[in-house]
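Heads up: the sequence lines are chains A and B, in that order. Residues in the first sequence are numbered from 1 upward in steps of one, following my numbering. Residues in the second sequence are numbered from 1 upward in steps of one, following my numbering.
Careful, some of the hints might be misleading.
[Unchecked claim] If you want the ones that stay clear, here's a sample from chain B, every Cβ over 10 Å from chain A, calculated:
{"#": "1", "residue": "Gln54"}
{"#": "2", "residue": "Glu55"}
{"#": "3", "residue": "Gly69"}
{"#": "4", "residue": "Thr75"}
{"#": "5", "residue": "Lys86"}
{"#": "6", "residue": "Glu142"}
{"#": "7", "residue": "Cys177"}
{"#": "8", "residue": "Asp181"}
{"#": "9", "residue": "Arg195"}
[What the hints assert, rightly or not] In silico DSSO-like cross-links for lysine-lysine, where the CA-CA straight-line distance does not exceed 27 Å:
{"#": "10", "chain 1": "B", "residue 1": "Lys22", "chain 2": "A", "residue 2": "Lys43"}
{"#": "11", "chain 1": "B", "residue 1": "Lys146", "chain 2": "A", "residue 2": "Lys43"}
{"#": "12", "chain 1": "B", "residue 1": "Lys118", "chain 2": "A", "residue 2": "Lys43"}
{"#": "13", "chain 1": "A", "residue 1": "Lys83", "chain 2": "B", "residue 2": "Lys118"}
{"#": "14", "chain 1": "B", "residue 1": "Lys146", "chain 2": "B", "residue 2": "Lys86"}
Treat the hints as calculated values from the structure; they're not laboratory data. None of these values were measured; they are calculated from a predicted model. Idealized CB from N, CA, C, for every residue including glycine.
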Amino acid sequence: MLSCKELAHQHASDYLDGQLSPRTRLAMSFHLALCTNCRRFLKQFRAVRQLLQSRSELQVDEKTESEVQDLAARLHDSYRQQKNNSSGL
Amino acid sequence: MTDSASSNSDTELLTRLLAGEKAAFDLVVRRYHEPMKRVAMAIVGEAQAEEAVQEAWLTVIRRLSTFEGRSSLRTWLFTVVANEAKSRLRKGRFSGGKREVSIEDGPGDGLFDSQRWKSDGHWAQPPTQWHDSSPEALLSFEVFRKCLDMTLAILPEDQKAVLTLREFQGLDVEAICNILDISASNMRVLMHRARMKVYAMVEHFEETGKC
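Only chain B is shown next, with the shape it has when bound in the complex (with noise of 0.2 Å):
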């Protein structure tokens, strides 16, 4: 979905939540729920995401007849996921529960090692061709899908959060960084550590056919 086609579905879909519509009530679940938990779960960690997610859901009811559109409805939704899980990494804090969002989750994947470079920053063992790079031709193998959603299910979570918002919802930077209280740059890297992870595994693919 490309940002403006859901900012106008988002625009339609608060128009039937203020008009209390129950099929937009099962829309907005269906479509952010899950995002929504990705947030508060770079935020929090997952024990308490799940939470954090169904307190803010309650926020957007109660607040939901005074949203004044200032931001899509989206991102709305996110940035109350973020302060609800903010607010309980807060209360964490003082039983010893910090978890803060950082790039330093260790490279793991094969780009980064340092074998793939000579001391001049040269490629040791460069880039293999790969025969098929089109989004449809690798999707189209099962076994491809399988191993994506399993890379992308191991991803940290500030990795993952980034990656939802900025690829899957096409928030804009701005956004993202308000909502993760990241710096532009800790964004970029954690998008680039997040595609270079990606990269590493259908690298490998390409070469053996397998995950």
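Next comes chain A alone, as it looks inside the complex (with noise of 0.2 Å):
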């Protein structure tokens, strides 16, 4: 019988994320049948996965306006240096 902890630390992540092999599925359907303890923590562990993935990026070491755009124009120079010596420019 899968106990709670083994729920929440081996299993959680894999149940949302659809990689459970069959058996460990069945079992953790029978184990949330009974224990509302892990049905909630689970509800919730989901809703989780749900704020990361409408949280679009880490808020953090973001470059400034001008790094990106110092960065890009440098690129697109070597980009178009390198195109006009291939043609022959």
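With the hints in hand, could you dock these two chains into one complex?
Structure representation (structure tokens):
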């Protein structure tokens, strides 16, 4: 019989990601049918996953606008130069 | 952005890059520089990550006209930066700078705490009922957004990289494992630990209204 700890620590993510074996999925279904706490945990764990997916990017170490433009301009120049060289211009 | 939506927009972006359109270079840097840096940080550490990404961009420019599109643009970009970071890691090893991608980062959140569990594996401290668990409701609180960002910012780099590639970029497991050079089970553990840390943060916020 699957324990609550095993469910939370070993199988919850795989369950949400559809990565469980049929056998473990069945064991989880039995456990969830009987365990209010784990049903609550899994519902809220699913909400965490949705939360992360709705946060489109880590909000740290952002390049400043001028840094983005500088890097993009350098890459663009390099690419143009390379194209000109290869076409003999 | 969904996987197919980002693939479609990447196809268009690649066409514009190949045509040498300046705005496309701006967009590709804006869209991928930070995620690429996440990947580099997970492999080679923070100190060398920016240099690895800069070098990767130069490689991308050199190879752009011969890119055959066997993978999506973003998978290719992440692969290029990962290879650059791995190359730096190998050089670093000779000078004692070895850094492994590891899942041994320590638990560091309430759900891993032993007092949370009875010896038979049942809950000793069951999960509390959250008042509102919808992402929209939670993210509407500025204090919550800051708290979430702070929690994500202090995750170990390998967890950040997996989160970035899986949840934010929508790459499949096989591509992520190839890029980061980790096994599928390792990737799943990293992803699970990151989610558990965010779960613990949300639970604390729901109970106290504080970070």
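Hint by hint, here is what the structure shows:
no., hint, verdict
1, Gln54, "violated (8 Å)"
2, Glu55, "holds (12 Å)"
3, Gly69, "holds (17 Å)"
4, Thr75, "holds (17 Å)"
5, Lys86, "holds (21 Å)"
6, Glu142, "holds (13 Å)"
7, Cys177, "holds (13 Å)"
8, Asp181, "holds (20 Å)"
9, Arg195, "violated (6 Å)"
10, B/Lys22 - A/Lys43, "violated (46 Å)"
11, B/Lys146 - A/Lys43, "holds (23 Å)"
12, B/Lys118 - A/Lys43, "holds (22 Å)"
13, A/Lys83 - B/Lys118, "violated (67 Å)"
14, B/Lys146 - B/Lys86, "violated (33 Å)"
Hints 1, 9, 10, 13, 14 from the earlier list are contradicted by this structure; the remaining hints agree with it.
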